[in-house]
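Participant: Taking the hints into account, I'd like the entire structure generated from these sequences.
Which chain is which? The protein sequence lines are A and B, in order. Sequential numbering from 172 applies to the first sequence in my numbering. Sequential numbering from 1298 applies to the second sequence in my numbering.
Hints were generated in silico from the structure; no laboratory data involved. A portion of the hints provided could be inaccurate.
Some chain B residues close to chain A (C-beta under 10 Å, calculated; not the full set) [unchecked claim]:
1) E1319
2) K1338
3) A1369
4) S1392
No residue lacks a Cβ here, since even glycine has one placed at the ideal position from N, Cα and C.
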Amino acid sequence: GENVEQHPSTLSVQEGDSAVIKCTYSDSASNYFPWYKQELGKRPQLIIDIRSNVGEKKDQRIAVTLNKTAKHFSLHITETQPEDSAVYFCAASIRRALTFGSGTRLQVQP
Amino acid sequence: GAVVSQHPSWVICKSGTSVKIECRSLDFQATTMFWYRQFPKQSLMLMATSNEGSKATYEQGVEKDKFLINHASLTLSTLTVTSAHPEDSSFYICSAIRAPGGPYEQYFGPGTRLTVT
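Facilitator: Quick look at the structure:
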């Protein structure tokens, strides 16, 4: 089955700096790559997603890049704010079932 | 639109008893629902895929006789944890997609915190 690896497990940045989280996947058949933000005890919130026929997508301060050849995708958050502090998960999807990465705890220091 | 609810939001039960968790799509029809389990400080792990009107497909290592899934209608899937044990204590989250061939996005329920004593 699909295997998704995510790095780093924790990331601390100063407010205003950029944050980058990276994921790799194993199954070349995966065709959908969402990123979620999860706060403690809450449901995952979709923050951005990308399909396999697209290399990059941006939404305000958030961007995702996908390299299908290398089977990796990355989340970029610019101008980080304290409210960006949370756990972020990447995921890969084959036939709609999601395989999640292990998560990155992002702390934005004011 | 695309709201998914779960009930209950939290439950405490005694070891050996069974617990039923409901997942409902409130404003759309969901032909497919997924059940995930999340242990503290860990990721979400897919337990099973539930298709309306057919048997659920379980992931490797998930006991289908222990985690009974029923998807009896286009808006409701249930997960029953049978003969619960303390190691079943976890956060259970369901998700739903609108229809086959439609948008890829999954809509997550708010989760159910199960504590087995």
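Participant: Each hint should be assessed against the structure and marked as holding or not.
Facilitator: Do the hints match the structure? See the list:
1. E1319: 15 Å, violated
2. K1338: Holds, about 8 Å.
3. A1369: Because about 20 Å separates B:A1369 from the closest Cβ in chain A, which is outside the 10 Å limit, the hint is violated.
4. S1392: 8 Å, holds
When each numbered hint is compared with the structure, violations occur for hints 1 and 3.
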